[in-house]
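Visitor: Protein chains in written order, with the working numbering: chain S, 47 to 543; chain B, 21 to 200.
None of these hints come from the bench; they were simulated from the model.
From the three backbone atoms N, C-alpha and C, an ideal C-beta is built for every residue, glycine too.
Please note: incorrect hints may appear among the correct ones.
What the hints assert, rightly or not - Partner residues aside, some chain B positions facing chain S, computed with beta carbon under 8 angstroms: (1) 77; (2) 90; (3) 107; (4) 152.
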Amino acid sequence: MSLSALSDAFLHLATPATLAYGAAAMLLGILFGALPGLTAALGVALLTGLTFSLSTEHTLVILLCIYVGAIYGGSISAVLTNIPGTGAAIATAWEGHALARRGEAGLAIGTAATASFAGTVLGLCALALATPVLAQAALKIASPEITLLSLVGLLLVGTLNGPGTALKGWMAGLTGLLISTVGLDAISATPRFTLGSSNLLGGVPFIPAMIGLFGVAQVVESLSQTRPAQIHSLPRVLPNWGTLIKHLPVTIKSGLVGIGVGITPGVGENIAALLAYSVARRSSKEPGRYGHGSYEGLIAAETANNACVPAAVIPLIALGIPGSPVTAILLGALLLHGVQPGPLLLVENPTFLAEIIAIFALAAVLLLGLALLLARPISLILHVPSAILLPVVTSVCVIGAFSLNLSHFDIGVMVAFGVVGIVMRGGGFPTAPLVMGLILGPFIETNLRRTFLLSDGSLLPFVTRPISLALTLILVLLLITQTGWWRRFRESRRSMA
Amino acid sequence: MRTAEKSVDPSGTATPAAIASDPRIDLAGGIAVIGLGVAALVGAARIPRTGSATGLTLYLTYPGALPLLLGFGLIIGGVVIAVSAWRRGGRPDKSARAGLAGFLRLDSVRRGSIVLGLITAYALILILGVLPFWAATYFFLGLTLVWLRAGPVWKVMVISLGTALLLQFLFGTLMRLPLP
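If we strip away everything but chain S, and leave its shape as in the complex, we get (with noise of 0.2 angstroms):
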């Protein structure tokens, strides 16, 4: 990627209507992030679906303010009322509620601003520098090692995202993997799943399906439970410049971290930000603090989860695999606008990495101006009761289905997966892998039938290339940790210390 292309990816963006889509996305993104029950995933699905009449650039320029709005937003609502907005504000809720109750609250917004701001440009930089390395050592593999790559990725969102137990995290992947088959089959056309039913034979319809998964259960689920949230008053709003530069260290650590997990395909923000804090405590000289107002924790969730936001992009744009599964949407909406991503998208379109870069660096200064200068109108949103706005939600979650294809059928979609939301929530079995296996349900089944073709049935292109051998190992290895042989090993030897 050359400097030209990316000052011309920056000129090209600086058009009022490019800055325009931006800045109403990153409100928006803000919005659904601050506002306890609305993810960054819904706000990704609902807007793949409203924007697909936009050029492939400007719906680019809205999802990716979006995610990266949302995911900051979740810490007004765990500053002000102690409900993490999304699951990437869990360890910002344990410190910012706190700083709240000192009266701290407009400090400890604007430091959670600054620190998503800064973890944004870390995760940035490692996005320019990481990708075209990634995607060229991504050229010398073929459909084994694609195949396990993804079963990894599948593998990991299941066991990070599963609560207690990683098997049912594994089954939601499989499910997800089960009803990616529905449809024709992409190699002989063959139909399978469709129940005799043409509205089916082009697959289950993705985007109305997550805005079932993601808009209808929650919208369900938090209108069926009546918990009044009591909300700090906000003052104004301002980073304290000294405790910014004294946590450096740890905002460039705790960014890293970010870094690592988006990296690493099907993790995400939430793994990011507690993993963060607690490298943070463990490492930190005053860890008494913790759980009582820390800044050096509030900064190390913050800076970790916006870092994981352009860092989850890597694997998705040199692979093809999405780092979280906010990015398997992304996935979803880069093909409906024809962009394959892929080993071959930089080869075949190469500014397109400078046009996410400069995508992502406007993102992260609309994110520092508008979550400096509109954290407090911003936050009387939250004042708004759920009984009102969340039915409201429902009405946009419609139209959103809708659009797409123009297809009723599309609405019944999206509220069939919204009661598959509702039981999978219930029976404690995580909805993200479901999402993760529903998407790279395709590129696995391709690859993998393209393997057995060519080895004649046999499995050994799996353990016989080195990079396929390595990646059968880290599956292996993942499966036997969850075994209730693995953890009577560890406690053995852990009693044995």
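Fit chain B to the given chain S structure using the hints.
Guide: Below, chain B without anything else, positioned relative to chain S:
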């Protein structure tokens, strides 16, 4: 070790948070996963085995290969979840039926079911084309907000009508999106 008793609050009713870790719920979840796996196997078996390959290669490359493998995976996983739940005390007995009845009587479950019913009715009205979008949205919002006691009825009706017309204008007129 988690037990069935821990999923019941002091009043004898299952709490929603405990439901997710209740071994009886896990047993039901495991059985559902097994059922899904069996359905995948049956569906995969019905897919025509086309192609020039023979023997095992045919089964690994025909259009039903992935559903077949997934079916086996789901059955194995479902069995492990169900057996583990059974060992943790998830056997269906009288207390399980009482727990289920208590769960169904939970205020949150009742509220959730009614909200889901309202959303389903709203979707059906739009799918069948009974009412135009703004009118269906007005009735959906009005009924939902009244039921959720979001405010006085007149206020709720004004909010519902205003929101329905605003959505119609914003998406239908301004953004020129076709509405259901």
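Visitor: Are the hints correct? Go through all of them and say.
Guide: Results of checking the hints against the structure:
1. Annotation: interface hint on residue 77/B holds; nearest CB of chain S at approximately 3 angstroms, less than 8 angstroms.
2. Taking 8 angstroms as the C-beta contact cut-off toward chain S, the hint placing residue 90/B at the interface holds, the least distance being around 5 angstroms.
3. Because the beta carbon of residue 107/B sits about 11 angstroms from the nearest beta carbon in chain S, more than 8 angstroms, this interface hint is broken.
4. Taking 8 angstroms as the C-beta cut-off, the interface hint given for residue 152/B is violated, the closest approach to chain S being about 13 angstroms.
In this structure, the hints that do not hold are numbers 3, 4, in rising order.
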